[in-house]
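Engineer: In case you want the letters, here they are:
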Amino acid sequence: MFRRILIANRGEIALRILRACRTLGVEAVVAYSEADRDSLPAQLADEAICIGPADARRSYLSAPAVISAALVTGCDAIHPGYGFLSEDETFAEVVRAHDLTFIGPPPDVLDRFASKEGTRRLLGGFGLPTIPGSDTMLRDDQHALSEADRIGYPVLIKPSAGGGGKGMRMVRTSRELESAIKICRSEAKSAFGDDSLYLEKWLDDNRHVEVQVAVDRYGAGVHLGERDCSVQRRHQKILEEAPTPSMSAEARANLADIAIRAVVAAGYENVGTLEFLVDGAGNAYFIEINCRIQVEHPVTEVLTGIDLVALQIRIAAGEPLGLRQSDITTRGHAIEFRINAEDPAHDFRPGAGVIERYHAPGGPGVRMDSHIYPGYEVPPYYDSLLGKLIVWGPDRATAIARSRAALEELLVDGVTTNIEIHRALLDNETFLEGRMTTNLLDRVGGAAFLAAAAAR
Amino acid sequence: MPDAGRQRERPTDAAPSRASDGASDGASDGASDASRLADHSAIARLTEDLLPALIAKLSTTQLGELEVREGEWHIRLRRPYGVGPGEGRRATDKPSRSQPGHEGHGHGRAAVEGHRGSRSSGGASGSAGATSGGSGGATGITAGSGAASASSNGTGSGGRSGGGDGGSDRSRSIATSPAVGIFQPGPRAASGTRVRAGDSLGAVDVLGVPQEIEAPADGIVGSTLVEAGMAVEYGQELIRLELTAPTNAGPAGVR
Chain A
1 MFRRILIANR GEIALRILRA CRTLGVEAVV AYSEADRDSL PAQLADEAIC IGPADARRSY
61 LSAPAVISAA LVTGCDAIHP GYGFLSEDET FAEVVRAHDL TFIGPPPDVL DRFASKEGTR
121 RLLGGFGLPT IPGSDTMLRD DQHALSEADR IGYPVLIKPS AGGGGKGMRM VRTSRELESA
181 IKICRSEAKS AFGDDSLYLE KWLDDNRHVE VQVAVDRYGA GVHLGERDCS VQRRHQKILE
241 EAPTPSMSAE ARANLADIAI RAVVAAGYEN VGTLEFLVDG AGNAYFIEIN CRIQVEHPVT
301 EVLTGIDLVA LQIRIAAGEP LGLRQSDITT RGHAIEFRIN AEDPAHDFRP GAGVIERYHA
361 PGGPGVRMDS HIYPGYEVPP YYDSLLGKLI VWGPDRATAI ARSRAALEEL LVDGVTTNIE
421 IHRALLDNET FLEGRMTTNL LDRVGGAAFL AAAAAR
Chain B
1 MPDAGRQRER PTDAAPSRAS DGASDGASDG ASDASRLADH SAIARLTEDL LPALIAKLST
61 TQLGELEVRE GEWHIRLRRP YGVGPGEGRR ATDKPSRSQP GHEGHGHGRA AVEGHRGSRS
121 SGGASGSAGA TSGGSGGATG ITAGSGAASA SSNGTGSGGR SGGGDGGSDR SRSIATSPAV
181 GIFQPGPRAA SGTRVRAGDS LGAVDVLGVP QEIEAPADGI VGSTLVEAGM AVEYGQELIR
241 LELTAPTNAG PAGVR
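Residue numbers (the numbering used here), protein chains in the order written: chain A, 1 to 456; chain B, 1 to 255.
Check each hint, because a few of them may be wrong.
[Claimed, not checked] So, partial list: chain A residues that the calculated Cβ filter (under 10 Å) puts toward chain B:
| hint | residue |
| --- | --- |
| 1 | S33 |
| 2 | E34 |
| 3 | A114 |
Source of the hints: derived by calculation from the structure; they are not laboratory data. Note that beta-carbon positions come from the ideal geometry of N, C-alpha and C, so glycine has one too.
Model the full assembly from the supplied sequences, consistent with the hints where possible.
Structural biologist: Right under this line is the structure:
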């Protein structure tokens, strides 16, 4: 096991990793930017070190700053959290070159799964169904047009790098295609520094379901069930739950089973998540793998009782998994609500400001992972996640009832939050019946969704 | 939202005429006619009397930012980002760091741990930003020499640039670390050396790549706060300077 870990991230995930370190008896150093000087993880860490200015490119995204901080504070491993440098294979390589361990897949594994398109091909070869799409990256407009014709409209333009909906466009006709590609290329270029694009068949009414896996370096792997992440706004998840309400136990078990078989066969290592789109007929298509801990990992933690961050650290330290598939059992139902500093009534515009009052809800099955506190200033430079409310119940109805009570109790004053949209979701018939698809919110927009709930 | 709670403040980043425009904008905030007229005359007076002096002051000094408080009015003058001395550096952009825990330690590890104590009390008060902490009607000036200070994010929230300047001793300045790494003072870091703003005082070694430590102002090198070869973090205070340039006087006419 490691002696001392540098946490190269911020916000709630830095705090989550810090807690895992404490549990494992490992010292934790938090690397922070000037804007996060007063943050809770920086206050609670065994040691905290300023690595740069607020601008993430010169702090959380700066490989030299992060590695230098790890070296001067005597760390032997770096936990990148999610986002920032968490899936950067070059960073992982440089970390290793300095005799430090990157907590995540080893660099060669990251490299193998770096391209979404290449990963679809790789895992498709190991039995995962994939969405019909372009065979290669799009060379030019002519190539794009002929590929789109072959796949059939509507098609989705996607960037090879990155995520979060940037550089992504759905196109219904060949006439729209050329201009949409131009926009996507420039968005992808500025967001990820890579403008390669590919096409996928657009599935109109789909669910987003993902399988959590863990594989050690000796090739032993387990899945930890799936999560339904269909509730999104602008391609970003805001609510995740498990088990997936729209899938039978058998279908869920089958999906998780083919997922773990494929990643073990492909030589994946450490925790990871395989994302699938599930269409109205129940067909699942693999879309991408996330080679890191995910925001919504607590859903699986409360269902399985397994600390995924601790597991991730142990695997990176070279420990055997110590779990067989039969050891993994899930119990009850869990829902996670992402509490963001954003305004659902105004196109989910992100906000910042000082938290004036904060009260986290409690009670049976209620967990709040958050780094905010009264007086904390939410900086404008980073993502808008303030925390995650995770609610467990023995069944979905109880989990929803507890969620209503918890959201009612949750108090965040001083910044505009999306708590209202979560309350509205819990009154939404489509959600209550478990029939939600990825366009539940975007079809009408946040403001109309809130208004509809208020009119009820 | 960045401007919430700063209603009386009129940004003066632009030319003085912009400030009078700001007054007519102010009519929409529901102020009475009388107070609007008062605002108009106050702004006119500040624009004519104070701004020219401030502009002259800013252009003849090494300062990146000037803030003047008169009654309930604030005027802040700022160099555009990337213009003027000390660009890209934040020499005094982190006054919350000038805490007792920082003084005179000579050890990186201890230095880092020294921050923790100070941080726990810093949360609520530090968050109020640059324009808080005013003392009633008294006139005060906040000056920072980092041109990048606050303006780099464009939000106007002031970030951490407020709270005074380490006791406002304007005869001194401190060179801070440009990066996290190992402190390697250069020959010009010797006490008593006369240096100019921008001179290299040494470097912080980041994975074998030296990042230059620049003198934030003209002056004479005083004490070095960290031993050579020790670990330092970004923004850590490294070398004291006694200033030679006259930057201590407030603008004439400010009352």
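Engineer: Can you give the numbers of the hints that this structure goes against, from lowest to highest?
Structural biologist: Violated: hint 3 alone.
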